[in-house]
Each structure stands twice: as C-alpha cells, then as structure tokens.
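Order-wise, the sequence lines are chains H and C.
Residue numbering for the first sequence is 455 to 775, as defined by the numbering used here.
Residue numbering for the second sequence is 21 to 410, as defined by the numbering used here.
In short, the hints are calculated from the structure, not lab data.
Where a beta carbon is used, it is the ideal one built from N, C-alpha and C, also for glycine.
A hint or two may mislead.
To be verified - One side of the interface only, derived from the structure: several residues of chain H facing chain C at Cβ under 8 Å: (1) M547; (2) A583; (3) G624.
Claimed, not checked - Residues of chain C placed beyond 12 Å of chain H at every Cβ, according to the derived structure: (4) V37; (5) A124; (6) R162; (7) P183; (8) W262; (9) L300.
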Amino acid sequence: MNAALLEVEGLTITLAGAAGAVVDDVSFRIDRAETVAVVGESGCGKSLTALALLRLLEPPLAIRSGAIRFDGIDVARASERELQRIRGRRIAMVFQEPMTALNPVLTVGEQIVEVLELHAGLRGAAARARAAELLREVEISDPERQLDEYPHRFSGGMRQRVLIAMALAGEPDLLIADEPTTALDVTVQAQVLDLLRELRRTRGMALLLITHDLGLVAEMAKRVLVMYAGRVVEETTVLDLFERPQHPYTRALLAARPALAKPGARLPTIPGVVPQVAHYPPGCRFHPRCAEAFARCSQAVPGFVAHGATRVACFAREESR
Amino acid sequence: MTRSRDPLVSLGRAIVVLVALALAAPLLALDVPFYASIPTGVATTGVGAVPEGVSLPWFEALVDVRRFASAVDRSANVALLLSIVFVPLLVRFRRSPRAIVFGACAWLLAGVAGAFVCECSRPSHDWVGKVAAARAAGQDVRAVFPPLAFAPTTIDAGHGREPPSARHPLGTDSIGRDVLVRVLYGARTSIATGLLATSIAVVVGVLLGAIAGARRGLADAVILRLIEVTACFPGFLLVMTWVALAERTSLYAVMTILGLTGWPTIARLVRAEFLRQADLEYRVAATALGAPWWRVVVVHLLPNACSPVLVAAAFSVSGAILAESGLAFLNLGDPTLASWGELLRQGRETGMLHLILAPGFLIFVTVTVMNRLASVLRDRFDPRRCEDVR
Ligand SMILES: Nc1ncnc2c1ncn2[C@@H]1O[C@H](COP(=O)(O)OP(=O)(O)OP(=O)(O)O)[C@@H](O)[C@H]1O
Ligand SMILES: [Mg+2]
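With the sequences and hints as input, model every part of the structure.
Written out as structure tokens, the structure is:
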C-alpha cells in the first residue's frame, strides 16, 4: 500500500461549552486522484470535518485531538505560514453557500486573480488571461467580459462555477467540495458534476465530496464515509453501500431516498431527528432512532468491525458475524 | 431606475465649485501681477521697491513664505499650479470613482509636498503701490494684476469698515482688508480643516476598528475601552482648552485634536461591519484559498466597510468646518489664515451686515452640502433602498 495523499486519524472537534465532541474520532484516508464521498444528514459534522482539514475552525470550535497528515505534512500542527502554503495550493475548498462565498464588492476577476497572485505567481495581464481561461474551463461563456462583473449579477450555478474556478486556480492536489450542487437545479448540477469528473481525470486531482445526495455518491465516488452525529458509522465502497449496507443508519438513509418512493405515497423518513450537539446520547449516538438497538447500544460506543471492504461501527453487526 | 436629477450630481458640483474657488483664490485675488515689465526709476527704488525688467512675480509669490505665512495656503497654491496636470487627468478618468479618489489624493499630496520642497522668502515688494507710482510719474509700466489686487492680509489704509463698493465688492473689514478676498481664502481654511481632521479620524478609526473587528479577543477589548474613553472627550471643548493653553493657535493642532477625538465613530462602524462579515463565508473562503489574515482584512473586509465610513467622513467634514468657524468666531482661530468665522466675529462686533452675510451664507452652504451628501450617500448605500447601484 503506497502512502495516502491525506490521512486523518482520530479527528475530534469540540465546541466550547458543549460536553460531547461535535466531531468524534473521525478517521479516513484519500489516495491520489481518488474520490471519497462523505454522506450524512444535515448537522452531522460534515462541513466541520472539511474545515478542520484546512485548520479553518474558529472559536468556539476547535480541534481537540487527532492527526491530519497531508502528503507528509502534519496539518494539525502546521504553523500559520505553512498553512498558507497548503491552503489553495495543495488543498482547495469549494464552500457550501455559493451566495455568500463570493465577496460582493470585488469583481469575479479580482477574486480569481487574487488566488493566482497568491499561488501561481501570476500578475497583471498574465493573471487576467489565466483567470479568463479558468472561467472558460468551468464553462462560463464570454469569460473576458464576465471577469469584470460583480458576483450579484451571477446566478447560483455560475457562482458555484466561479468558486470552482477559484479553487482550481491554485492547481490543488485535493479539492474539498462541500455540497457543490445542493444550490443548483438538476441540469446545472449535471454540468458541474461533469466538470468535476473531467477535472479529476485531466488533473489527477483527488476529491473529497461532501453531500447528502446518494445519487451523487453513486455517480462520483468509489469510497463512501457515512457520518452520523459527528461520528463515522460506516466506511464502504459505493457498490457495497447500495448492495450491502451494514449500519442501520445507512440502511435507513438508503430507504429514505425519494427516488425509491412510490408516486403519491408519503416519503419514507428516518423517525426522530439528528440530536443537537448538547444532547448527543451516550453509547452509539444513533441508538434512540435505531430499530435494531439493544441494551448495550446505549452503554458503550461500538468499535469498527470489518465486513469485506466495509468497516462498520455497530454492535448488531458484530454479533451477526 | 432612471432619475432625471440625481442629488449626488448637484452636490458633487457644489463641492467642485467650492474647491475650485478655494484653489483659485490667488488667481482672483492677489496684490502681485502675473506679468510685469518695469523700467528703472520710481518703482525700483525706495521702500517696497520691485525688481526692474520683465518678470512673472505671481508664480514666485505663490510659494513665498512672507506672502503666505501658512503652509495651508502654500500647499493650495502649489495644488493650483498642478491643476494644469491633474484637472485634465481627472476629467479624462471621470467615469471611474477609484481613479478620481486616487487622483484627488495624489493631487492633494503633491500640493503639500510641493509646498515643502519649494518655498522661498522674498523681500516684500509693494507691487501695487510702486506700479501706481511709476504710472503717475508717466513711466512705461506694464503689469497685469488679478481682478482683485489685494492679498488677504493687505490693509487698504483709509478704507476700513466700508460697505460694498466698486473697489471692494463685498466691502472691507474693521481694519481695511477686502472681505471678498478673505472669503475666498477663508474657503481654504475651512476645506483644509475638514480634510485633515477627517483624514486623521478615518485613518485612526479604520486602523483600530479593523484590528478590533478582525482580531477580536484582547485587541478588541482594549480598543473598545479606548473607543469608550475617547468618545467621552468633547472635541470642541478639548480644542478650546488647548488653544487657551497654547501660546499661539495653530490650525494643525486644532485639526489634529478634532481628528483624534473624532475617530471612535469610524472605528465603531468599521468594527461593526467586520463583525457582520464574520459570519459570511467569503471571509473563511479567502483564508481557505491561502490569503494571510491581513490580506483578508485589506482586500476582502475593508472594502465592505467603505460605505458607512464614507458617510461618517462626510458628516465629520461638516463638523470640522463648523468647529473651525466656531473657534475663529470666538477669536481662537489661527491668525495667519483668513477664516469665515473670524469675519462673522467682526460682523457681530461692528454690527455691519456685509461682514456677516457672505461668510454666514458660505458656512451654511458648505455644512448643508456636506450633511446632505452624507445623507444621500447613506440612502444610496442602504441595501434595502436600492440593490443595484454599483
Ligand atoms: N460556530 C458554531 N457554533 C456552534 N455550533 C456549531 C457551529 N458550527 C457548527 N455547529 C454545529 O455543529 C454541528 C455540525 O455542523 P456542520 O456544519 O458540520 O454540519 P453539516 O454536516 O455540514 O450539515 P449540512 O448538511 O447542513 O451542511 C451542527 O449541529 C451545528 O449546529
Ligand atoms: Mg455543511
């Protein structure tokens, strides 16, 4: 096994004032040019995990423990200067909200050029030309003219692409895309996905895809992390995810896909809601909503057990082995 | 949205006219000829003798520390000369607000720098008197004076406290200085006070507000306390105390004190704007793309704070102008500079209307224009009122 591009071990994020960890003991790895998806309901800590990878958490949130190794660099202990050399250049991130992730008072061109100045050493006309090229690459028409526009003139889909163009400007080895398509309609969604796939192929870029859309996972990723309430509950391949889901939560997620629902019938849901950070239950955090739960589930945190290529943290699976 | 008459345009024009009058004061009024051709004789001898031959004394007079004791006047004079370069440039780039701001700042700085680099001190030539004497003696003298051949300090002996006449269009003050000339030069004092006091307030306010808003924590706590403490000092009273203690009133001291007591408003605005932006993703996104924190502050956060600061700055200019007039009215002004407030004081002492009307009107107009500008800008920047201004 060669060295992973990114290796996260036991990442734990705490929120000042809250007892339990917001993100608890998360471990995973991403190889070069690989796409890994992170799925889970809203509020399960996907974005926080992504922010932590770039050390972007701000008080009251903080990394309490864990190792983040990126290409031999210990990100969790890197100095601010080292981080500046990683951010944007080695690891770039496309943020969840295209409406607020662009600065309203700077033109789209100025924002892309900034990244080029920081990481590609380009200035003036050269930077501008490259910015136009990047816009063309993300399929924005008439890029020369769009460079001088302010973001508020752009639709959500166009902004999302500008964000991707900005992330690509530093030619990163790893792109973290936080729900890159939630804000987009179906056709634009498909275009953005095609674009990401194309870029992964041509640039050999690894992709960490954060989403709660399982359809997207099937299309894009090879490996999947399923998160629930700040913990990874299952790590599996895409094939096994749909064919042999192990964790009760994964099964419930799959069953709740709108695509599976009969027309006119109520959409299936997972009973209950994701608990708030302050109210994370002891033991397996999913047990209050779990149909298969038994006494032990509320007393101890299940460790991972392997099922072929799948790792799952569930006492019920331990016994069925 | 199409508006037939944009208030910003007319306010902008009013400001341009005022600034143009202030700058052009020596073009309109000075006791030195633009061009002079003097034969040897009456004019070149005696007290106040002028140099013989052909000369362009007006240009030299602009940087003469004896004629213009205050650096404010000399800077404005150099800026007037530089207008040959800057006015066409500003007109050329009038469509770009950024170019106008940079151009105006460069112009101002060039004026100040120029005044310090080239200053001279000539013996006091009495151009008006000597030219008149030579003409009376029947000599072939040629001299082209500005329309009003008086300097703001020229005392027209025997013409004190005169109502408007052909010789003095707005009359003279209690010791015989031309009121129109002093009103023109007084505009410089007002504008300089407004500009310097506001610049100091803006620089200090933006700096401290940005640090407080961006760094939070201890820096924020310390700066907040500083804001609270400074905001307690009434600027005008502090200035009066200073003036009472100092031997000689200097306009710079006044402007500096006004600036140093005026910054908390601006710091508060900048800090609030930074805190508002703390929750917006582009701030984190910029860091995520590798921008160092100071760059995030300067490139991403400060420009968003521009609009409220601009509004506060416009208010601060009018406040400073009012304060300067007030001081001069109380006879606490800078004695080397003409001032509207000082004319008003004389008017109050003598009860002569012509000493009150012109300066009173100008103070009123300037302050109103700046306040109106501030409120128009505020409306314009209000996102709820208009979302597509840019
Ligand atoms: N600044 C903060 N202060 C307090 N709690 C926070 C903060 N940021 C996030 N949280 C909490 O941390 C938890 C995880 O948030 P996160 O944004 O990672 O969720 P997510 O999985 O990305 O959800 P979504 O799919 O809605 O984006 C949530 O319960 C949220 O309420
Ligand atoms: Mg999220």
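For each hint, the structure was consulted:
| no. | hint | verdict |
| --- | --- | --- |
| 1 | M547 | 5 Å, holds |
| 2 | A583 | 20 Å, violated |
| 3 | G624 | 7 Å, holds |
| 4 | V37 | 31 Å, holds |
| 5 | A124 | 21 Å, holds |
| 6 | R162 | 54 Å, holds |
| 7 | P183 | 55 Å, holds |
| 8 | W262 | 39 Å, holds |
| 9 | L300 | 5 Å, violated |
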